[in-house]
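Visitor: Each chain, written out:
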Amino acid sequence: MNPTIIWLLPLLVYIYPTLVGRALAVTGYQFRQRIAAERGSNFWLTVPFYFGLGTLTVLALALVSRYLIQDYLGLPFSQTFFPLVGLAGIISLLINIFRLAPNLGKIVKPVLAPVLITLILAQVTYGLWVYKSPYSLNWDWYQHQTLVRLIDKGQFSFFTSQMSDTFGFDSYPPSTHLLLAIAQYPERLTPNFVLEFWQALGFWHLITVGLAAWLLGWVVSHDKKVALASTIVSILAFDSMVSLTNFFFLPQTLAAVVFIAMLPKLLLARTSDVQAKTKLAGWETVTAVLSLSLIHYLVGIVAAVIFLGLDLYQRLTLRRPQAVSQWPLVSLAIAAIMAAFLASPLIKLEQLNQGEAANYTFSLGEKQEYLERSYGYLVYLFVPLGIAYAIIKKNKGQLISLFILFGLTALLITNLPYVLKLFALTKFFVGLFIALGFISLIEKINFRFIRAVAYAGLTFGLTIIFIVNIASWKAGLLSRDSYTHLGDEDIKAADFLYQTYQGRTLLISDPTTQFLLEGLSGVNSVGGAYMKPEKRQLLLTALDTQSPQALVKAARDLTDGLNADIDTRLLAISARTFIWADQPDSDRLSFKFNVWTQADLTIDNLKFLSEIAQEPSVKSVYSSNYIHLFEVR
Amino acid sequence: MNLIFKLTKDLILLVITLALVAVAVIGVRLPYRSVFTAVGPYQLEAFPTGLAFFHYGRGETPFYNISPLNDYLVDSDGNRLAHLSKEDYDAKNFTAKFQPEKPWGIVDTAKAFFGQLTPWFKVETDDLTVSYQTTRFGNEVIITKTINFKKPQVVSAVESTTASALTIWYNSGDIVFDSQTGQAFMPVSEELVNQINKTYGFTVIPASEIVSEPLTNSGSVTIINPKLPGFLTIQAGFNQEVLINQQYHLVEVITPVVGRLGRLTSTITITSNQKRTILK
Numbered sequence: 059m060n061p062t063i064i065w066l067l068p069l070l071v072y073i074y075p076t077l078v079g080r081a082l083a084v085t086g087y088q089f090r091q092r093i094a095a096e097r098g099s100n101f102w103l104t105v106p107f108y109f110g111l112g113t114l115t116v117l118a119l120a121l122v123s124r125y126l127i128q129d130y131l132g133l134p135f136s137q138t139f140f141p142l143v144g145l146a147g148i149i150s151l152l153i154n155i156f157r158l159a160p161n162l163g164k165i166v167k168p169v170l171a172p173v174l175i176t177l178i179l180a181q182v183t184y185g186l187w188v189y190k191s192p193y194s195l196n197w198d199w200y201q202h203q204t205l206v207r208l209i210d211k212g213q214f215s216f217f218t219s220q221m222s223d224t225f226g227f228d229s230y231p232p233s234t235h236l237l238l239a240i241a242q243y244p245e246r247l248t249p250n251f252v253l254e255f256w257q258a259l260g261f262w263h264l265i266t267v268g269l270a271a272w273l274l275g276w277v278v279s280h281d282k283k284v285a286l287a288s289t290i291v292s293i294l295a296f297d298s299m300v301s302l303t304n305f306f307f308l309p310q311t312l313a314a315v316v317f318i319a320m321l322p323k324l325l326l327a328r329t330s331d332v333q334a335k336t337k338l339a340g341w342e343t344v345t346a347v348l349s350l351s352l353i354h355y356l357v358g359i360v361a362a363v364i365f366l367g368l369d370l371y372q373r374l375t376l377r378r379p380q381a382v383s384q385w386p387l388v389s390l391a392i393a394a395i396m397a398a399f400l401a402s403p404l405i406k407l408e409q410l411n412q413g414e415a416a417n418y419t420f421s422l423g424e425k426q427e428y429l430e431r432s433y434g435y436l437v438y439l440f441v442p443l444g445i446a447y448a449i450i451k452k453n454k455g456q457l458i459s460l461f462i463l464f465g466l467t468a469l470l471i472t473n474l475p476y477v478l479k480l481f482a483l484t485k486f487f488v489g490l491f492i493a494l495g496f497i498s499l500i501e502k503i504n505f506r507f508i509r510a511v512a513y514a515g516l517t518f519g520l521t522i523i524f525i526v527n528i529a530s531w532k533a534g535l536l537s538r539d540s541y542t543h544l545g546d547e548d549i550k551a552a553d554f555l556y557q558t559y560q561g562r563t564l565l566i567s568d569p570t571t572q573f574l575l576e577g578l579s580g581v582n583s584v585g586g587a588y589m590k591p592e593k594r595q596l597l598l599t600a601l602d603t604q605s606p607q608a609l610v611k612a613a614r615d616l617t618d619g620l621n622a623d624i625d626t627r628l629l630a631i632s633a634r635t636f637i638w639a640d641q642p643d644s645d646r647l648s649f650k651f652n653v654w655t656q657a658d659l660t661i662d663n664l665k666f667l668s669e670i671a672q673e674p675s676v677k678s679v680y681s682s683n684y685i686h687l688f689e690v691r
Numbered sequence: 013m014n015l016i017f018k019l020t021k022d023l024i025l026l027v028i029t030l031a032l033v034a035v036a037v038i039g040v041r042l043p044y045r046s047v048f049t050a051v052g053p054y055q056l057e058a059f060p061t062g063l064a065f066f067h068y069g070r071g072e073t074p075f076y077n078i079s080p081l082n083d084y085l086v087d088s089d090g091n092r093l094a095h096l097s098k099e100d101y102d103a104k105n106f107t108a109k110f111q112p113e114k115p116w117g118i119v120d121t122a123k124a125f126f127g128q129l130t131p132w133f134k135v136e137t138d139d140l141t142v143s144y145q146t147t148r149f150g151n152e153v154i155i156t157k158t159i160n161f162k163k164p165q166v167v168s169a170v171e172s173t174t175a176s177a178l179t180i181w182y183n184s185g186d187i188v189f190d191s192q193t194g195q196a197f198m199p200v201s202e203e204l205v206n207q208i209n210k211t212y213g214f215t216v217i218p219a220s221e222i223v224s225e226p227l228t229n230s231g232s233v234t235i236i237n238p239k240l241p242g243f244l245t246i247q248a249g250f251n252q253e254v255l256i257n258q259q260y261h262l263v264e265v266i267t268p269v270v271g272r273l274g275r276l277t278s279t280i281t282i283t284s285n286q287k288r289t290i291l292k
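Read top to bottom, the protein sequences are chains A and B.
Residues in the first sequence are numbered from 59 upward in steps of one, following our numbering.
Residues in the second sequence are numbered from 13 upward in steps of one, following our numbering.
Only chain A is shown next, with the shape it has when bound in the complex (with noise of 0.2 Å):
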């Protein structure tokens, strides 16, 4: 395919449910009030609402197509759900066309600046990040394109742990991978296919954080000042541990975009005198709510519960202002979160997932340290002033902002696992605030040019902290002169498993290898990177003893937990596999530890490989100096 399409493919996991929202939002009863509620900045305030409208749909057309079609009438998935979305595509195609929203010149014109701003930003900071970065550094895309790929070949569950073992427990739901599967379908997958795609969607993602910040920035205040600064920070601050907002596109990162997007028509909703005709629709609250508890479960409910309660809170101090007082409210609020603080260490969830919650529990220490790698000192500085600004001009979108910027911080500081994922919301009230703050200071300047200075201070300031941070933060990634985690003969060896072993094979390697080549050929292995512990110390023993017939036998005990039917076995030994087995236990048993770079193979592995090549029950079908694969019989 075409290297442009491909980089434009990923735009049709925004566009797709979109399109099909609106379509359904602006047809069948009161569809003239819907389209005409879209006049000026409303539109692009309902948009968020149309994507999550749409991506609920595509859920249950998949619902549908696998839990009622196929179980009852016996129609493959795969021939089901996608005719359905192409025919929901153009049905929908045809509506938006016809249905077209009120003066849409006047729509379009007063996104362009922040459009092109985002995007101008967005190409600078990207081309620093994927600086000697060839291929995407999202390390979970690949298991989310496992799920893609099952998708598409119509092995769909609701349950992403009965799809494939790479999933432990159901963390995810499967939302954002039918979008990636419609944006996908029906490419052949091929591994540099889904290189450039991932590349490409890490591009757009980082464009969608830029526009929910700016959106953010601008409603809260209504100074396109704040909003620039907002997008500025959001996009050159990168959130480089554990939440990784920027460049990734996870369903977290998604739950979070969307949610700060839906936002702002919330906090203009009944209250504003700016926008007095602003009003939030039951069927938006509805959406919001299902539609980010069904992108993310951790971050997207949470995000969920926000937007829910603040809801609740709007319309209730609609209807009766003056016995609603914000102050028990705000109280009650606090008291939880210090409950909630109190308690964490009470609360052991360190065992989700078989452990590796545990790596995803950190100490204060290493929080700020995080913050002090994405920001500097910038939160410690400007983020005060932000929140003296906001008090003081008493606006209401700020001071609700800040209340949610203090109780995200509040889960933050408690020490239960995974919270650290939460800022992906967090961030983007973080990047208000420090804009607040910024405005603060300069919105006495009379002279634009010496404004222009103080933002282009602030770019530069940010870029100087970017470029550290991701100096830190791609240390440990550098292979030969690439920082990467995969190396040419990763691709090549994917790109032979691809076109040679599909179906029934089974893949056994080392967690890191197979969960890579997995996700790049598709060929199913025995849990990836998560790969039970039973199962790492059964290959491990083998490998420990430097014994070809164990390890041939530990090849031909290992299976898969989901899928039995397997006519072909793969061991693959690598560079990764050597060194991964000489790592102490608590590493290599350990869902936390990869072998985050390709590697060579030494001496040593080779004379070991040749043993194992000389078995009767093996045969070699490839080998580089990186990797050999066995089939054993």
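No lab work stands behind these hints, which were simulated from the structure alone.
One thing to keep in mind: the hints can contain errors.
Residues of chain B placed beyond 12 Å of chain A at every Cβ, according to the derived structure [stated by the list, open to error]: (1) F110; (2) T137; (3) T158; (4) W181; (5) I222; (6) G274.
Here are the in silico distance ranges between beta carbons for each label pair [said to hold, decoys possible]: (7) A:A608 <-> B:T215: 26 to 36 Å; (8) A:I178 <-> B:Q192: 49 to 59 Å; (9) B:Y44 <-> A:F89: 51 to 61 Å; (10) B:S220 <-> A:Q595: 38 to 48 Å; (11) A:A446 <-> B:K109: 40 to 50 Å; (12) A:F518 <-> B:G90: 55 to 65 Å; (13) B:D102 <-> A:T599: 35 to 45 Å; (14) B:S230 <-> A:G619: 55 to 65 Å; (15) A:K282 <-> B:K21: 14 to 24 Å; (16) B:K109 <-> A:A510: 35 to 45 Å; (17) A:F216 <-> B:K109: 56 to 66 Å.
Okay, derived cross-link-like pairs now, DSSO-like style, lysine-lysine, Cα gap no bigger than 30 Å in a straight line [said to hold, decoys possible]: (18) B:K21 <-> A:K282; (19) B:K18 <-> A:K451; (20) B:K114 <-> A:K532; (21) B:K239 <-> A:K611; (22) B:K239 <-> A:K677; (23) A:K164 <-> A:K337; (24) B:K109 <-> B:K123; (25) A:K502 <-> B:K18; (26) B:K134 <-> B:K123; (27) A:K425 <-> B:K123; (28) B:K109 <-> B:K162; (29) A:K452 <-> B:K21; (30) A:K452 <-> A:K337; (31) A:K452 <-> B:K18; (32) B:K109 <-> A:K190; (33) A:K283 <-> B:K18; (34) A:K532 <-> B:K109; (35) B:K21 <-> A:K283; (36) B:K239 <-> A:K650; (37) A:K502 <-> B:K21; (38) A:K593 <-> B:K239; (39) B:K123 <-> A:K532; (40) A:K611 <-> A:K677.
C-beta: ideal position from N, C-alpha, C; glycine also.
Following the hints, position chain B against chain A.
Guide: Only chain B this time, still in chain A's reference frame:
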């Protein structure tokens, strides 16, 4: 007047804003690694005792160290004087600099990220300063060592210096051989000879026994470790000679000293590579 007042106020606000941004930038955490660079399959980085070639991410594996603890000067009586003696090292009578420090370390980190800065190491004792600078060209790195004598009496004491040695510490288990002739300086099993030939294309001629302090004929030595991928080749300059110190596991590149001391410079070139061959 009003304009001047406005301009002054604006400039004051600008300075305050930019000063706060500058302070914020200084707060950024520097990387946990000092400056590093890839040299073929190896990486080169500075550590508290000197520069090292090693394989990152493999855990505890052999490495190759270039250190003032091993480097030395030779006086006219043939005595070896280490740049940093074991006694001074143990007593911490020295200062070492090898990683960026704020605030300028921020610039160094950015320069290193874009390949504009390569690892360095500098050690300072009461008597002298020894600095190691590196320059990389693809899989090749040039290491330049410069010694500055700080006190006149020290210069006088070592005036009789005849040579300066820049050394590379290797590991037990390494195969060290003349790059051109293939003559090894230690016994090597036939199986390993064959594996080296098959993997890297070198024809190694094993020594019948460990030879004490042999000199290379070609001025070029290659080191291979069976537990590491790739090899290192040390290339001496035209006026240098290469000595293999089997006792201390050092490849010593000796540069003759001509003229009066004050500042001494010596240079070596190290190449790291991986000839790729497919095992049939």
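Visitor: Hints first: check each against the structure and report whether it holds.
Guide: Verification of the supplied hints:
no., hint, result
1, F110, "holds (15 Å)"
2, T137, "holds (31 Å)"
3, T158, "holds (27 Å)"
4, W181, "holds (20 Å)"
5, I222, "holds (21 Å)"
6, G274, "holds (38 Å)"
7, A:A608 <-> B:T215: 26 to 36 Å, "holds (35 Å)"
8, A:I178 <-> B:Q192: 49 to 59 Å, "holds (55 Å)"
9, B:Y44 <-> A:F89: 51 to 61 Å, "holds (58 Å)"
10, B:S220 <-> A:Q595: 38 to 48 Å, "holds (45 Å)"
11, A:A446 <-> B:K109: 40 to 50 Å, "holds (42 Å)"
12, A:F518 <-> B:G90: 55 to 65 Å, "holds (58 Å)"
13, B:D102 <-> A:T599: 35 to 45 Å, "holds (43 Å)"
14, B:S230 <-> A:G619: 55 to 65 Å, "holds (58 Å)"
15, A:K282 <-> B:K21: 14 to 24 Å, "holds (23 Å)"
16, B:K109 <-> A:A510: 35 to 45 Å, "holds (39 Å)"
17, A:F216 <-> B:K109: 56 to 66 Å, "holds (58 Å)"
18, B:K21 <-> A:K282, "holds (23 Å)"
19, B:K18 <-> A:K451, "holds (23 Å)"
20, B:K114 <-> A:K532, "holds (20 Å)"
21, B:K239 <-> A:K611, "holds (25 Å)"
22, B:K239 <-> A:K677, "holds (25 Å)"
23, A:K164 <-> A:K337, "holds (20 Å)"
24, B:K109 <-> B:K123, "holds (17 Å)"
25, A:K502 <-> B:K18, "holds (10 Å)"
26, B:K134 <-> B:K123, "holds (19 Å)"
27, A:K425 <-> B:K123, "holds (27 Å)"
28, B:K109 <-> B:K162, "holds (17 Å)"
29, A:K452 <-> B:K21, "holds (26 Å)"
30, A:K452 <-> A:K337, "holds (22 Å)"
31, A:K452 <-> B:K18, "holds (27 Å)"
32, B:K109 <-> A:K190, "holds (28 Å)"
33, A:K283 <-> B:K18, "holds (20 Å)"
34, A:K532 <-> B:K109, "holds (23 Å)"
35, B:K21 <-> A:K283, "holds (19 Å)"
36, B:K239 <-> A:K650, "holds (25 Å)"
37, A:K502 <-> B:K21, "holds (9 Å)"
38, A:K593 <-> B:K239, "holds (26 Å)"
39, B:K123 <-> A:K532, "holds (14 Å)"
40, A:K611 <-> A:K677, "holds (14 Å)"
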